[in-house]
Each structure stands twice: as structure tokens, then as C-alpha cells.
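Student: Protein sequences, first through last, are from chains F and D. Residue numbers in the first sequence follow the working numbering, run continuously in steps of one, and reach 335 at the last position. Residue numbers in the second sequence follow the working numbering, run continuously in steps of one, and reach 335 at the last position.
Rather than coming from a laboratory, the hints here were simulated on the basis of the structure. We treat Cβ as the ideally placed atom computed from N, Cα and C, and that holds for glycine. Some clues are possibly wrong.
Stated by the list, open to error - Here are the computed lysine-lysine pairs in the BS3-like style, where the Cα-Cα straight-line distance is at most 27 Å:
| no. | chain 1 | residue 1 | chain 2 | residue 2 |
| --- | --- | --- | --- | --- |
| 1 | F | K333 | F | K16 |
| 2 | D | K290 | D | K29 |
| 3 | F | K29 | F | K16 |
| 4 | D | K276 | F | K276 |
| 5 | F | K324 | F | K112 |
| 6 | D | K333 | D | K276 |
| 7 | F | K139 | F | K72 |
| 8 | F | K290 | F | K333 |
| 9 | F | K112 | D | K276 |
| 10 | D | K290 | D | K139 |
| 11 | D | K112 | F | K276 |
| 12 | F | K139 | F | K290 |
| 13 | D | K112 | D | K29 |
| 14 | D | K66 | F | K290 |
| 15 | F | K276 | D | K290 |
Claimed, not checked - Covered stretches of chain D, going by a simulated chain F footprint (3 or more residues, C-beta under 8 Å):
| no. | region |
| --- | --- |
| 16 | 20-33 |
| 17 | 279-293 |
Given next are the chains, with one letter for each unit.
2 protein chains.
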Amino acid sequence: MLAFTVKNHRLAAVRKPLPRLRPGWALIKLRLAGICNTDVEILRGYHNFRGTPGHEFVGEVIALGKTSPREKSRWLGRRVVGEINIACAALGFRSLCAFCRRGLKTHCSRRKVLGILHHDGAFAEYFSLPLENLYLVPKNVTDEQAVFTEPLAAACQILAQVPAARHHNIAVLGDGKLAQLIARVLRTAARNVTLFGKHESKLALARLAKIKTQLLHGDASDIHRIQETFSLVVEATGSPTGLSLAQHITEPRGTLVLKSTFHGAAPVETWPTVVKELTLIGSRCGPFGKALALLRSHRVDPTPLISRTFPLAEAPAAIAHAQKSGVMKVLLKTD
Amino acid sequence: MLAFTVKNHRLAAVRKPLPRLRPGWALIKLRLAGICNTDVEILRGYHNFRGTPGHEFVGEVIALGKTSPREKSRWLGRRVVGEINIACAALGFRSLCAFCRRGLKTHCSRRKVLGILHHDGAFAEYFSLPLENLYLVPKNVTDEQAVFTEPLAAACQILAQVPAARHHNIAVLGDGKLAQLIARVLRTAARNVTLFGKHESKLALARLAKIKTQLLHGDASDIHRIQETFSLVVEATGSPTGLSLAQHITEPRGTLVLKSTFHGAAPVETWPTVVKELTLIGSRCGPFGKALALLRSHRVDPTPLISRTFPLAEAPAAIAHAQKSGVMKVLLKTD
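Given these sequences and hints, build the entire structure.
Tutor: Right under this line is the structure:
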């Protein structure tokens, strides 16, 4: 099969055998994969991952490891999306780690992560995941919508961590792909959501989804540009410098959700968090069920965020395109 | 009266008139003042404060602005300690700010802060505070104990923000004055508290209070030195580099309390907070009533932390002494 791996900070095409399936695992044929900033970070060295990247996908189950006839009829030939953290039980450990015992599979201390950590991902014709990670895609959800389930679930995680509906004034810092999804998800729970970003064309996309916007310059002057303060701020700029501005615009005793993962450090003064007694909440993977429900009900439509779709075979050109200014979601498609 | 002000990054003695008293305010004669790291930061330029520093004190009320006979008999001649944030009502504003309306006087948007922000502090023979900020010192609490009320209250704030008793394994990073008080306060609520610091002599002080200790080297190797993880970590090193180590030793979904304020920034990688979904809580001033209760009941005795007491007139020498390696709390005393 065709797959892509990280080599010298680029994606390189390789021929690989099909993955072998453990009991309870599925072989998935890719339909659509999404390129995420984490994939770009992985090329830059994040997690030192050397396998096949790709963790946003919609695919079709085409084979199963040892399992019951009931599971077979449930999954074979069906369209699926999948959670990316592979935890103790699926890895064959009989004694679960402390986090799996608490039901926190996304924090499993032995976890592998699809396309990010010790498990080959979705930039390939075929890849494998445990059945326990999979979700059937509802019929009225298109492939182009379903491929957003993983990042949309990450956005929904904020709703699981913070009572967004109680916040009268919410800010999202960043106008990239994840920030846009976050603003749309928060908008389902709260009326007053403002997206702050540096790109007028991206802000225009957000306004179509009834999100307020404000243009930033991306320099120190932004601190004076934002006069308001917010009881809930989500930092999703993908840049280490976003935290300073985020602290500045969060009101005393307010909540600041950190959503950006990136490789590298920036000088940060943390005294505003102490003086204002802010609560900073790190937020990562989220509930797929909630994300699929938002897609099924059309309360969130992510498809305006799609910039371009490439054939899987052109993955290196696609990831280069994804890094161009103004480009939003880039997809990889198989026949 | 004699007072000290900040001049060219040093304390300079000046002669000043007595402060004028608004209605509901008290004139306080200093008995003992404590030197805090914030005072040292103020000399370095923190908050750009140019008045009289000093916010840890025990004093005696010797005069009152316009008030009722009942208040006069309650306060005149009594030993007091005082909260340092002076809020809307005490400043004479009839219409309260949004934070005062919510009862969050420590976050009053117009606040002045004793010895830190727009209000002269306790490194002086006399200073003023609103009666609403004052607390009577119980008879069985000595001046040497009472002078710790303000930093002890700041330590108690953590108990108000985090259910410490539910945490089975608590770490305090830092072995300085505030870290030591924090560890003692947490120890009243939880059995398993470990203090991490660079100074064996300071760790020995903590062990006398039944706190576990571990010696750090203060370099990058410390990350490998601490094998355990903790569900609750308090960062109280007073150094911008403490946050990296603190994130490292906090377990997934754990809580990290930020207690250090300092002037300056350090490069910090924030991805561990996102990946582990940590909750970071900024923590500043705290409840004086709780701190006085701990002193009165002898559940916390801060006096072993006193390194040396200087006459008020020798404040410049005292603050120089306070910055020497190994020195803990330095006090200023009046006759």
C-alpha cells in the first residue's frame, strides 16, 4: 500500500505492507484525511515522530481482527471516524494504568496516538485502529463534514471543561482552522463570541457563522487595540506569543483555555495570571459523540473552512500548500 | 515621622507628615513589619512603585478618621493586622466597580495596595488603612507571629481555591518564605506534602514542621531528579524558570497553583499544560480570618522562619540582608 512517512522534515512516499490486526482492531481504508497544524509541527520535529502522520480522517472499515459476528456486521463496510488515543485495553494490557482505571483514556500512561505517537496514521491508503475508538458516521453527514470530527471534538472539549453558557463575553484568539471550529462550537452555547485574528479573509469566514471578529496586527500594539476584557478566553493562535495577549484580555478571576500545542518556547510573564487569579485550563482531545451530533444537526458546518483537496498521492504538495498564508483546511482524498 | 521610600532602586529615609485620615480610616503605628520578596521586586522596578513599600505588618491603631463611638472603642489602642487591597468603598466611590459588587475586593478595578500600588506602606513609623481592612490580633498571638498574617493568608488562599484534602500527593516548589508557609498551611489539610528546594538548611526547617523535602540542584537535571508526579503542585519558587519543572511534575488533569510574582519573563513551553490538560490557578491575597485562626490555634507557627530583626531606622541594611543567600524572614521593629 501507499503511505507517507516523515523523512528529513518532509513527507516521503513509501510502500508498506498492510498493518496486522490485533483482536478487536479494524483495518480502515482512507476516504478523506485532514491536514492539521500538528502534522506541520511533526514535520518540524514535534514528538520526534518518524512514522506516518495523519490523525483527522473519515474512512471505511474493510477488515477486522478477531471479533464477534455482531461486531463484524456492525462495522464492516461502514464509514467511520476514530478517536486518536489508543489506550491500555486496546494495546492488550490486562492491568489498566491509573488513568484508564479512572476512565481517562486520553491520558493513558501507555497510550499510542494515531499519526502522532508510536502508531502510524491516516496519510496512507490503509491504517488500523481499535474498534473501541471508532464511531459510525451518520448518513446525513458527508465525508467533507465527517473529516472534521476530530478537531471539532477537540473544540467540544472546551464545553466539557468550562460552563461556556454562563460566560457573557467570550474571546477566541486566533483565526486558524482550530480557532474557527472553537468559535463555532462556543457559539452554539453562548451568544457573545468574538474571534481575534490577523487575517481579514479568515475573519470574514467567522462572521458568516455569526461570530464577531476583530482584526489584530500581530505585534505588541495589539494589547492596546483590545479594550474589552473577557470572562472566558481561548488561546488558539498556535503561537507561543499568544499567551501574553490572552492573559491581558482575561478579566480577574476569569478562565483562559489553552488549546495551542507547538514546538518551542516563548518568553512569557506569568504575573498577570497570579495577580488576576486567572484559571488556565489545558485542553486537548474531546468527545466524538458531541462533535458528530453537532455535524448531524447542522448546528456547525465546517465545510466553508476547506481550502483545497489533493489526491493522497500528492500529500507532500498538499502539506506544503497547507502552510501557505491564508490557506485553511487542506484535505487528502483517495479514489 | 520617619518613613522609607524607593529611590534609585534603594530604600531612602525621608521625613514625612502623618497621613491624613478619611472617614472610616485608621492611623496605625508600626510595631513590626516583614520584608517580602515583593518588596525586593519593587526596588527592582516591579509596578514602578515610588512610595513607601511594606505590606506585612502588625501595628497599633492610634487615631481614627470620622467614625462612630462604637468603632472608636473597638479599635483605638488595639493591635491590628490588615488586608492590603483598598477597594472602591474605602476610597470613597459611591458606585462600586463590577468586582466590588461581586464581593471581590482584592480585584477591585480601582484598588490601591498598601506599599505596592498608589498607597504608602508599612516601612514607616505611621501609615493608614481603612477600618474595613483591619483585624484585631488575638491576645495569645505574639507580634512575631502576627506579622506573618498577610503572607499566611496568601498561603491560605490556596485552600480556598483548591480542595487540598482530596489530593493524595502534594508538591510545593520552592523553599523560600512563602513556599514554607504554603507547605505548612497545606500540611494542616493534607498528610502528604513535599517541599522541593535548593537549600538544605531551608529544607531542614520544613522537616521540623513534618513536611517531606527533596533537594534540587536548580538546573535542567532536576526534571530527571523528581521521579514522582503530583495531583497538586504549588509553584512558589519566585523564579520564572519554576513553571517548567512544575508542569513536568504535575500529573495529567492535575492542578498547578501559581504563587510566584516577579518582574520579568522566562521562555516557557506551555504544551505540557495542553497535552496533560492541567488546570493552572493563579493565587494572590487570601483570607486574614483563616490565617489568624491558624496562628491562634498554633496549627501553624511561622516564627522559626525569622532570620533577624532590625530597627526600622536600619531598613536599608535590613532589605540588603534579606537578599542574602540562606536568609529567611527579616523584620523591622519600632520601639
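Student: Compare the structure with each hint and give your call.
Tutor: Hints and how they fare:
no. : hint              : verdict
1   : K333(F) x K16(F)  : holds, 19 Å
2   : K290(D) x K29(D)  : holds, 24 Å
3   : K29(F) x K16(F)   : holds, 14 Å
4   : K276(D) x K276(F) : holds, 23 Å
5   : K324(F) x K112(F) : violated, 30 Å
6   : K333(D) x K276(D) : violated, 47 Å
7   : K139(F) x K72(F)  : holds, 19 Å
8   : K290(F) x K333(F) : holds, 25 Å
9   : K112(F) x K276(D) : holds, 14 Å
10  : K290(D) x K139(D) : holds, 16 Å
11  : K112(D) x K276(F) : holds, 14 Å
12  : K139(F) x K290(F) : holds, 16 Å
13  : K112(D) x K29(D)  : holds, 20 Å
14  : K66(D) x K290(F)  : violated, 61 Å
15  : K276(F) x K290(D) : holds, 21 Å
16  : 20-33             : violated (count 0)
17  : 279-293           : holds (count 6)
Hints 5, 6, 14 and 16 from the list above are not met by this structure, while the remaining hints are.
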